[in-house]
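Enquirer: Assemble the complex: chain A is given as a structure, and chain B must be docked to it using the hints.
Going down the list, the protein sequences come from chains A and B. Take the position in the first sequence, starting the count at 1, then add 670; the result is the number in the working numbering. Take the position in the second sequence, starting the count at 1, then add 348; the result is the number in the working numbering.
These aren't lab readings, by the way, just hints derived from the structure by calculation. Heads up, a few of these hints could be off.
What the hints assert, rightly or not - To give an idea of the interface, some chain B residues facing chain A are shown, with a C-beta separation under 10 Å as derived from the structure:
id	residue
1	Ile373
2	Pro386
3	Gly603
Stated by the list, open to error - Distance ranges between label pairs, derived from CB positions:
id	chain 1	residue 1	chain 2	residue 2	range
4	A	Gln733	B	Phe572	49 to 59 Å
5	A	Asp888	B	Glu477	25 to 35 Å
6	A	Ile929	B	Glu477	52 to 62 Å
7	A	Ser760	B	Phe572	37 to 47 Å
8	A	Asp905	B	Lys365	16 to 26 Å
9	A	Lys879	B	Lys365	45 to 55 Å
10	B	Leu533	A	Glu863	53 to 63 Å
11	A	Thr691	B	Lys460	36 to 46 Å
12	B	Lys460	A	Asp888	37 to 47 Å
Note that beta-carbon positions come from the ideal geometry of N, C-alpha and C, so glycine has one too.
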Amino acid sequence: MKFISIDKKDWAKGIEASRKTYTLFGPVKDKNSFLIKKLENDILPEMDYNDCVMSAKSVIFPQTEKMLVTSLDESQEDHHIMKKSETDTSPRAVLGIRPYDAKAMELVKLNFDTEDYRDPYWCDAYEATTFVGLGINKPGPFDFSTSTGSGPFEEAGLDVLLADFDDKYLAKILTDKGEAFMDTCGFKTSADETESGVLFDVLKKEAEKNIASHIDTDKLKEKILLELHEAPFWDDFAFSCINCGTCTYVCPTCWCFDIQDETKHKSSIRIRNWDTCMSSLFTRHATGHNPRSTKTQRVRQRFMHKLKYFLDKYDQGIMCVGCGRCVKSCPVNIDIREVCKMMNSYEKQN
Amino acid sequence: MDSYTTKIRELSANLLKDEKVDFIIGFKQGTIPMAASPHIAKTSEQAEQFIWDNNCRINLANYLTSRKEKIGIIAKGCDCRNIVTHIIENKIKREQLHIIGVPCNGMIDKIKVSSLFDEEITGYSETDEVITIKTLSDEKNINKTEVLKSNCMTCTHRNPVIYDELVADLVEEQQIEDQFSDVRLIEEMTADEKWNHFDNLLKNCIRCYACRNACPLCYCPTCFVDESGPQWVGKGQDPTDIRTFHYLRAYHCAGRCTDCGACVEACPMDINVRDFTRKLNKDSLEIYGWEAGLTLEQRPPLDTFTPDDPNDFIK
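Isolated chain A, as found in the complex:
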């Protein structure tokens, strides 16, 4: 494994140099929180952030994305023929992404890139992107990532993992993409492999030790799906839910979308928007039939998808990386950790 040492004095210059090749995204302070945004010229990522209300998922999967375009002008030969919208697949890099957010991208990829079907919009964007993660030295109180197969120094889905050592970053190069990015930045000072490995390990262990929040997921796999579905606790969890989309929108692993056509004058576009299973419109049929017409059914859908259906379908863990954003942002404090506890320990009473 290759390590590079980056003096923080050289950081800004290196990032500036990368702009020639890459469009950059990273954490930017906005009011009282941080958001992952496109870094306009002269804007540097604020790496020392502790709270990021939205994940980095919109970099690959924008909330609204143009898919197809057509003209309604019948004097044109190809009117009403929908064609793929031009998409930007030039190289981009996300700086300072949380390791669990990169792990989330890998989980989402299971849906967008399958043996049968490859979603060109998501996959093209994903392949164009270099993920430069920053290990979390001081995990926040909402972080339960170590219980979900991720963690503050998780490497899955990352191309480079940075560790913050006050006056320098130590960069662990994980892929060729990551190496290319570091080259473009001009970050070339190799660090000793053994020593760096030890330093990383110490930080990682310390950070993991500081995670106070844990969930158990060990029994979810063996639970019978229909028994969980019929469990008596769903009404209680759903009572306070106001059916807003907050939990699904802040979630790095929620990937459902809704397709809409919009027309203006003689042009028409087909877009996809983030959808939310909390909305009564979610998967409502054109007949008017609603497969999940009640609040309890919708709340159950969200948690069953994350903690059971996904696990059963892919056998790659739960569809939650433990970032804790939904716990923090839910207006009525519905807590996925509590739901998971109930599901994991549920025994049907005869």
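Expert: Just chain B now, kept in the frame of chain A:
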């Protein structure tokens, strides 16, 4: 607030024991610092989970809409005003309700508190006037009055408007000299400045509709933004569609909004949604002498007509 909690539990247990209500809606302790979660108690054991503290910000009237049961509800001043509005608008009947009124001293603003610290908050506790906040490496006492929610700072109806029982003596109402200074700041802007102000306000909106769904007024069977046949508003992130949602929703609250702040509380993106509704509240007061939810005896100005209604706005 421990005395409030004790009294709420006691009154609730009695109500349930005497079978005067089918269930009671109140708050339970949240799972994270500075959070209280709406809670339904159907048994006296479940009533033991009720709490009252400075984080009971959500408006519980929101949980009453079109309910058929006999319901007990723990209600602070603004919740009561929305209960009145619900009764006037036929969303619930007075006879269905047993209101346990909570004289309120205001709630704290969790974002104001968070902004005082560099680290995330790991612990919260409170006494009457002081809250104690812990982070990983810090602990601070803060006077509650310094971090009140902005709508609580200008609230002049802290006491329940209607109630069947009270958890404590009524509190003294605040005398606010200039209730709408924030609105005036916007009124004084030029058209361009106003446009920029509201654009800037909405730039991070993710259309999760938490503001709408936390609002007791927003009970339309199908909200205009959810209507799909015909569809009135685009569903994407086009700024025009985002603006349309917020402007129309605000107008739909004209003469009805109690300034409870649930919209702001619910917003994950820290958007001061009240910037829209406050102007309408000011107009309601100045034009019609009306504040929503204070009486069951009078129809709201915008659902009545009299020939001498003010019409200065017609140019």
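Enquirer: Hints first: check each against the structure and report whether it holds.
Expert: Quick rundown of the hints versus the structure:
Given hint, isoleucine 373/B at the interface with chain A, holds; its Cβ is 9 Å from that chain's nearest Cβ, closer than 10 Å. Given the 10 Å rule on beta carbons, the hint for proline 386/B holds: about 4 Å separates it from the nearest Cβ of chain A. Checking glycine 603/B against chain A: minimum C-beta separation of about 23 Å lies over 10 Å; hint violated. The hint said 49 to 59 Å for the Cβ distance between glutamine 733/A and phenylalanine 572/B, and at roughly 20 Å that hint is violated.
Range check, aspartate 888/A to glutamate 477/B: Cβ separation about 46 Å, and the 25 to 35 Å hint is violated. For the hinted restraint 52 to 62 Å between isoleucine 929/A and glutamate 477/B, the CB-CB distance of approximately 54 Å keeps it satisfied. Restraint check, serine 760/A to phenylalanine 572/B: a C-beta distance of roughly 39 Å satisfies the suggested window 37 to 47 Å. For aspartate 905/A paired with lysine 365/B, a C-beta distance near 23 Å keeps the hint of 16 to 26 Å intact.
Our hint of 45 to 55 Å for lysine 879/A and lysine 365/B holds, since their Cβ atoms are close to 48 Å apart. Distance hint for leucine 533/B and glutamate 863/A: a CB-CB separation of about 59 Å, consistent with the stated range 53 to 63 Å. The given range of 36 to 46 Å is respected by threonine 691/A and lysine 460/B, whose C-beta atoms sit roughly 42 Å from each other. In this structure the supplied range 37 to 47 Å holds for lysine 460/B paired with aspartate 888/A, their Cβ-Cβ distance being about 41 Å.
Going down the numbered hints, you'll see the structure goes against 3, 4 and 5, while the others check out.
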